[in-house]
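Model the full structure from these sequences, guided by the hints.
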Amino acid sequence: MLWTGESGRWLLQGLLTTLELSALAWLLAVALGIVAGALRTVRFAPLRWAATSYVEFFRNVPLLVWMFFWYFGVPPLLPRAVQDWLFNHGAEFWAGMLALGVYHGARISEVIRSGIQSIPRTQFEASVAMGLTTFQAYRLIILPVALRLIVPPATNESLNLLKNSSVALTISVAELTFQTRQIETYTAKAIEALTAGTVIYLVLCLSIATIMARVERRYAIPGLIARVGPAA
Amino acid sequence: MDFSVITNNFKFLILQGLIGIGPFIGGTLRLAIPAILLGFVLGIFVGLARLSAARFIRVPATMYVEFFRGVPLVMVIFWIWFIIPQLLRLPIPEYGVALTAFVIFEAAYFGEIVRAGVQSVPRGQVEAATALGMTGTKTMRHVVLPQALKNMVPSLVTQMIVLFKDTSLASIIGYVDLTKAAQIVNNREIKPFQIYIFIAIVYWLCTYSMSLVAQRLERRAA
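Read top to bottom, the protein sequences are chains A and B.
Plus 926 on top of the position in the first sequence (first one is 1) and you've got our numbering.
Plus 135 on top of the position in the second sequence (first one is 1) and you've got our numbering.
The hints are simulated quantities; they were obtained by calculation from the structure and are not laboratory data.
Misleading hints may appear alongside valid ones.
So the derived label-pair ranges between C-beta atoms look like this [unchecked claim]: (1) A/Pro1046 <-> B/Met345: 28 to 38 angstroms; (2) B/Arg276 <-> A/Met1056: 52 to 62 angstroms; (3) B/Gly309 <-> A/Val1054: 54 to 64 angstroms; (4) B/Ile219 <-> A/Ser1044: 19 to 29 angstroms; (5) B/Lys285 <-> A/Leu1004: 44 to 54 angstroms; (6) B/Met345 <-> A/Leu1003: 23 to 33 angstroms; (7) B/Glu324 <-> A/Ser979: 56 to 66 angstroms; (8) B/Leu347 <-> A/Pro1046: 24 to 34 angstroms; (9) A/Ser1044 <-> B/Ile336: 50 to 60 angstroms.
Keep in mind the model is a prediction, meaning the values are calculated, not measured.
Note that beta-carbon positions come from the ideal geometry of N, C-alpha and C, so glycine has one too.
Below is the structure:
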């Protein structure tokens, strides 16, 4: 089998790269998602429009196009020195991370927005009446509640991010699918390599889903059965 | 910034890449439309199988859905690319590989939508139909599915948009869709920023108009 020797090492490296890529992209996506999702619900129109255009543009274009855009399209616009530095420091990884993060940030923001909108407006009005500023009301009242409401769809979206990290193979990031292809090329054991890659993805996804189901139960808000968006 | 690269290659990108008229067998639309239709049809069967009372139908359908929802589409495309020619002992064109992969993969997602839609129809409807003397199949066809379809419209359109975007992955195995056409043009012209922004806008126009249609349908169905 493939778990030993060179192939095993490639698989392990691929798995680690996939995890690293997904984790960094996830952090970026969540940060962007929270900001864009919250801004889409504020009263001040210009901020709302800016957030809406970001979300509508980025989530409606294929991830693969964004991969090519960030990897091939953007670097030539940068100064020569920055370009050189980037291509000596794993430009494909950072481009892949940006593409994944910005694309999924737009998608996660939709989840967060629906979470915020499921909270009665009176909660916000009450916080403002208590003397909180809009920013404080979001930070202390609205977002903490919204984030607990959206655990199931957010898990779903995070798993999508993990699976979509495989698209980074097109810009030759050495993640799991890329390594599977590499093993296939070098050892001609196509079926074994594909099986190994598939099993790793399945185990990753199923175990994250199981863990998150427990998190969901732990952080469910007592008395609320409302599930936001499609169930995971 | 110089955008003449777009006007010079406009015909190739749109006709060959988006629609599929040209020297290559390709086209995003020529792949997306059959994939959406066939994926949905297979999805109806998968969704209904998941709701079946018979265990030997329900369990395999559930495993099918869980499996394909836990694996990246890229992986499925590679599987089909390698397995089918080995099984059939004959080479399959990229178009066939891509279409098969999309239909099998997306049927799992469409199946979940169909299942949720059917489950959203009140139980009383089924009981009333049975009381009127309809058989199970007739109830499903004339009572449950029409109502379920109405409830499914928003998530169906979302999934169709996802599938439309996913067809860009067919370029990985060399199918000449819009993304691959852009790569071909870029290899010749080396104007990546302009070219990729342009195809991003083309994709956006397609998906955004799909979501506008969806909003209208939703309002009419409500």
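Tested hints:
1. A/Pro1046 <-> B/Met345: 28 to 38 angstroms: Distance hint for proline 1046 of chain A, methionine 345 of chain B holds at roughly 32 angstroms.
2. B/Arg276 <-> A/Met1056: 52 to 62 angstroms: The hint (52 to 62 angstroms, Cβ to Cβ) holds, given that arginine 276 of chain B and methionine 1056 of chain A are roughly 56 angstroms apart.
3. B/Gly309 <-> A/Val1054: 54 to 64 angstroms: 57 angstroms, holds
4. B/Ile219 <-> A/Ser1044: 19 to 29 angstroms: At roughly 45 angstroms between Cβ atoms, serine 1044 of chain A and isoleucine 219 of chain B fall outside 19 to 29 angstroms, so the hint is violated.
5. B/Lys285 <-> A/Leu1004: 44 to 54 angstroms: 51 angstroms, holds
6. B/Met345 <-> A/Leu1003: 23 to 33 angstroms: 31 angstroms, holds
7. B/Glu324 <-> A/Ser979: 56 to 66 angstroms: Since glutamate 324 of chain B and serine 979 of chain A have Cβ atoms about 28 angstroms apart, the given range 56 to 66 angstroms is violated.
8. B/Leu347 <-> A/Pro1046: 24 to 34 angstroms: For leucine 347 of chain B and proline 1046 of chain A the Cβ distance comes to about 29 angstroms; the hint holds.
9. A/Ser1044 <-> B/Ile336: 50 to 60 angstroms: Distance hint for serine 1044 of chain A, isoleucine 336 of chain B is violated at roughly 33 angstroms.
Of the numbered hints given earlier, the model fails hints 4, 7, 9; all others are met.
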